[in-house]
Amino acid sequence: MISFIKNLALQAGRLCLEGQKNLSLHDLEFKSEKDIVTETDKEVEAFLVKAILARYPDHGVLGEEYGAVQTKSGLRWIIDPIDGTTSFVHRLPFYSISIALEKEGEPVLGVVYAPALNQLFYAEKGKGAFVGDTAIHVSETRGLDKAVMATGFACLRAGRQNNNLPIFNEIVPKLRDIRRFGSAALDLCYTALGSLDGFWEMNLNIYDIAAGTVILKEAGGVVTDFTGGGQFPEKGIAAANKELHNELVRILTGFHVL
Numbered sequence: 001m002i003s004f005i006k007n008l009a010l011q012a013g014r015l016c017l018e019g020q021k022n023l024s025l026h027d028l029e030f031k032s033e034k035d036i037v038t039e040t041d042k043e044v045e046a047f048l049v050k051a052i053l054a055r056y057p058d059h060g061v062l063g064e065e066y067g068a069v070q071t072k073s074g075l076r077w078i079i080d081p082i083d084g085t086t087s088f089v090h091r092l093p094f095y096s097i098s099i100a101l102e103k104e105g106e107p108v109l110g111v112v113y114a115p116a117l118n119q120l121f122y123a124e125k126g127k128g129a130f131v132g133d134t135a136i137h138v139s140e141t142r143g144l145d146k147a148v149m150a151t152g153f154a155c156l157r158a159g160r161q162n163n164n165l166p167i168f169n170e171i172v173p174k175l176r177d178i179r180r181f182g183s184a185a186l187d188l189c190y191t192a193l194g195s196l197d198g199f200w201e202m203n204l205n206i207y208d209i210a211a212g213t214v215i216l217k218e219a220g221g222v223v224t225d226f227t228g229g230g231q232f233p234e235k236g237i238a239a240a241n242k243e244l245h246n247e248l249v250r251i252l253t254g255f256h257v258l
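Each residue of the sequence shown is one higher than the one before, counting from 1 in the numbering used here.
Source of the hints: derived by calculation from the structure; they are not laboratory data. Certain hints may be false.
Stated by the list, open to error - The list that follows gives simulated cross-link-like pairs (lysine-lysine, DSSO-like), each with its CA atoms no further than 30 angstroms apart:
1) 127 - 72
2) 235 - 125
3) 103 - 146
4) 217 - 125
5) 50 - 125
6) 50 - 127
7) 217 - 6
8) 235 - 42
9) 72 - 50
10) 103 - 235
11) 242 - 72
12) 217 - 103
13) 235 - 146
14) 125 - 6
15) 21 - 42
16) 217 - 146
17) 242 - 125
18) 174 - 127
19) 242 - 6
Claimed, not checked - Okay, the calculated beta carbon distance ranges per label pair:
20) 21 - 254: 43 to 51 angstroms
21) 134 - 165: 34 to 42 angstroms
22) 148 - 230: 22 to 30 angstroms
23) 170 - 118: 34 to 42 angstroms
By construction, the Cβ of each residue, glycine as well, lies at the ideal position given by its N, Cα and C atoms.
The task is simple: from the sequences and hints, build the whole structure.
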């Protein structure tokens with residue numbers, strides 16, 4: 001199954017690269033004041049949904065652009081055709097295709113592909129996490145003062161009472177450094193790889209994080225909501241190795257976002 005999904009992600013990546021090369025600003029649609037969608041988003045999602053349902057017709061699908069195909073099988077694919085559309089539009093490389101399989105509400109398989117970087121991350125529950133053919137593991141960094149972390153900001157942050165800016169101002173002085181790539185799926189994968197030591201963000205959607213959380217957990221990381229539990233990770237997600245995660249959550253629990 002995962003070989004099939006990895007191959008689909010690579011094919012979808014070629015669609016992204018071709019779409020990015022030919023992108024015109026006239027192709028943009030605004031789902032909200034700052035949240036954009038391109039024809040390539042739609043094309044990639046349609047390609048993935050069609051291929052997955054042809055192979056697994058009894059499975060459900062949830063996609064960012066076209067919504068849900070319901071099922072009673074207990075298996076659902078969760079797709080973000082381009083996580084990081086702003087980077088895609090501005091011809092920056094930090095965007096990804098994110099595909100996860102959820103079983104009875106739990107993500108158990110994840111594939112994240114960054115076409116412009118040619119990085120393919122994947123994991124299945126209980127089988128470890130990989131980039132290409134190489135097994136990956138979270139960093140062993142201890143102490144926030146030695147950690148490089150990533151975060152992001154919701155498209156509508158200016159209009160939200162709960163946004164990431166107060167948390168950002170609280171955490172960043174405690175870190176060695178901070179990065180902002182604009183793709184939650186890649187942030188989770190780079191934390192799994194050990195290139196980042198941790199990641200937090202607010203106001204995400206399940207399709208932003210489903211695949212990345214499988215990869216992060218299989219790489220030995222911990223991912224929860226801001227309380228340290230797992231009930232509301234879309235509202236606030238915290239990911240790191242075990243030691244840093246404990247420190248991160250101690251700060252995040254002071255911000256009531258749930």
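(request) Below or equal to 30 angstroms on CA atoms is what counts here, so check residue 50 against residue 125. (result) holds (25 angstroms)
(request) Starting from residue 242, check that the Cα of residue 72 is at most 30 angstroms away, please. (result) Violated, at roughly 36 angstroms.
(request) Please work out if residue 235 and residue 125 have their alpha carbons no farther apart than 30 angstroms. (result) Holds - the C-alpha atoms of residue 125 and residue 235 are around 23 angstroms apart, at most 30 angstroms.
(message) Against the 30 angstroms threshold, does the CA-CA distance of residue 125 and residue 6 hold or violate the hint?
(response) With a Cα-Cα distance of about 15 angstroms, the restraint between residue 125 and residue 6 holds, given a limit of 30 angstroms.
(message) Just to be careful, I want the Cα atoms of residue 242 and residue 6 compared with a cutoff of 30 angstroms; is the pair within it?
(response) With a Cα-Cα distance of about 28 angstroms, the restraint between residue 242 and residue 6 holds, given a limit of 30 angstroms.
(message) Hinted pair, alpha-carbon criterion (30 angstroms max): residue 217, residue 146. Please report holds or violated.
(response) holds (22 angstroms)
(message) What's the verdict on residue 21 and residue 42, does the C-alpha distance respect the 30 angstroms limit or exceed it?
(response) holds (16 angstroms)
(request) Hint says 43 to 51 angstroms; check whether the CB-CB distance for residue 21 and residue 254 agrees. (result) holds (46 angstroms)
(message) residue 235 and residue 146 were given as a pair; does the straight-line alpha-carbon distance stay at or below 30 angstroms?
(response) holds (27 angstroms)
(message) Against the 30 angstroms threshold, does the CA-CA distance of residue 127 and residue 72 hold or violate the hint?
(response) With a Cα-Cα distance of about 26 angstroms, the restraint between residue 127 and residue 72 holds, given a limit of 30 angstroms.
(request) Mind checking the alpha carbons of residue 72 and residue 50 for me, to see if they're no more than 30 angstroms apart? (result) holds (19 angstroms)
(message) Next pair to validate is residue 50 with residue 127; report whether the Cα-Cα distance is within 30 angstroms.
(response) holds (27 angstroms)
Figure legend: structure checked against the earlier numbered hints; hints not met, in rising order: 3, 11 and 18.
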